[in-house]
Structure formats: structure tokens, C-alpha cells
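Note that the sequence shown covers residues 1026 to 1344 in our numbering.
Treat the hints as calculated values from the structure; they're not laboratory data. Heads up, a few of these hints could be off.
Stated by the list, open to error - Restraint ranges, calculated between C-beta atoms of paired labels, are given here:
#1 K1193 x A1169: 20 to 28 Å
#2 W1027 x D1316: 43 to 51 Å
#3 D1328 x A1094: 37 to 45 Å
Just so you know, even glycine gets a beta-carbon here, dropped at the ideal spot from N, CA and C.
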Amino acid sequence: AWAKVVAGSTAGRPVVEGAAARRVFVVVAVQRTGSTWLVRELDRHPCLRVGAELFLDVKSDSARRRAFAWTGAAQFSAIAGLVDGRVGEDAEISAVAPVGGRYDRLRRRCARLDGSQGTTCGFKWMVSQRFERYWTEWFGRACAEYDVGLVFLTRENPLRVVASMADKKRGQDSQRVSKSKNLTLWTGAELVRRLDKISDEYEAMRRIRENATARGVRTMATTYETNVAAPEAGLDAIATFALGGGGGCEKNHRGDASTFSFAAESKKRRSRRSVKVHPQPMSQFVANWEDVVDTLRGTRYEDHIVQDAREVAAARGVG
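Whole structure, please, built from the sequences with the hints as guidance.
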């Protein structure tokens, strides 16, 4: 599979020697775990250039928007263009909007064609986007050969991922919905199905990280809760990892960018997107919480409701 992917790539094997080569890292995540906020925050670092999801397939919805499905070869071409110091362009990728525009913007920023000083390039790749399949076929080897680092992002309580899904759905159903109103979660078999899917994706992330360690690939694991509770420290830790220890960052108008830290930045400049919509225990904002408890009691997900009870006790100052 590796040889086939490389042979089918329009970019060829990237050049990784010399000053032109760049570090690349990937945020591996599950939907609704705070990955959008994380990459936006990391992109504020003067030494990092971080994009959103690159590998989104596109469905044709008009004569001006043709379908595009990412193949392993196309993905390899895209990553090679980020790793490689040479400025190249994949005509097949670039010709498709919005895929081409999203990729070309990140590639140009990583190549510093926009005058930026970033030396490390990153993007996010969702587990649901066939990540484990491509990891096994070729991406695992690519990470080992080209020193691509992996940041695994999860949420401590998967039930909050489901709550975030419900919050997004009600926003789609009614753009006028008030975020302050209580949520109604799925219950019964549908709730269990959604938790099963999240559990399977978390397990896939565990397998991939274990295999990555065996291959000598740099990895780190973090949670949304950790980064929101102490954003400066959490973001600094991820940035240090992405930079391979913190070095190799050029000077810019701020002085020595290699000494930049989120902790030193004014809190006024920190994105408001770090503010949690529902910081309180779920039992306080889920309208049908009792039905949720009835669904999960006695299942392997019972600890999710026990965790909420702990949050309630902590909020009340009970040991």
C-alpha cells in the first residue's frame, strides 16, 4: 500500500533534509471535542501555522462544484507539500473548491509565501475520516519517516460529546434557539449507539497511539477539559511538542519568537471561543437528565453519570 500511494502521488517523496524542510503535526480528534477551538488557538503562536480539517470529501451540489473524494495518494501529495521545503502545487487538489482553497492557503502559509515566520505546520484529521485505515496503509510509515507528530485530543466524559452534538443539532434545527435553554439528549438505544461510536473511535485512537509509539513516532495526548481549565499551560505544552521541544523558531516583530508563550499573553487577547457554553454539570442543563440516567444505569457507560455526580459534589464543596 505504501509503494502504491507514493507512486500515485503527484508530489513524489518530500525532501526532508536541510533548512527548507518543515515540521508537521496533526491533531487527531473525534467530532465535537473542541478541535476547532484548539487549532484556532494554536494558530496564534508565531512559530505555528495551523489549519482546520484538510481531508473533507466534497459532494457535488452544482455545476460549479464538482465532487472530490480524498484518496491515499492525494493525501500523501498534500502532506508532502507541507513537509517539503519546495513550493509545489497539486493541480488535482487545487482545482477543487473548497478543498483546493483550504489546502493552498495552508500550504502557502507553511511555505511562508505570505511573509509569515512560522516554522511548524499543522492541521486536524478526524478519526471518522478513515484515519485508522490510512494509518495502517501508509500514514504510520510517513509519520516515522518525516517526523510527523500526533496530538490526540479527547473529552474526559464522552457524554459531553453527545451533549455537544445535541447542542449543534438544535442550532441547525432553529437558528433562533437560545443557548441558555436546557438541552434534550437522546435516550434509549440511540444514546447507547452514539456512545458506542465515540467509544470505538477512542479505542481506535488508543491503538494508533500505541502503534505510533512502537514506530518511534512522537505523540502526546490531551483533553479539552485540561486546555480549557488552564488554557495557557495546555497550549504552551502542545506548542512545545509541535515544535519538537521548542527550538527552531525564527525571530519576528515580537522579538525572539522561540520564547513566545501563551501564558505571557494578555488574557484580553485570548480567544473568547475558549469559554465553555455549558461549564456546569450536565444534570443542571439537560432537561431529560433522569431519562438519561435510566438509560445508562447498569451499562458500561454508568460512570458517565457518576462523573456528573462528582461534578455536582465538587461544585457544592462536598468531599
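Hints and how they fare:
no.	hint	verdict
1	K1193 x A1169: 20 to 28 Å	violated (36 Å)
2	W1027 x D1316: 43 to 51 Å	holds (49 Å)
3	D1328 x A1094: 37 to 45 Å	holds (38 Å)
The structure fails hint 1 only (numbered hints given earlier).
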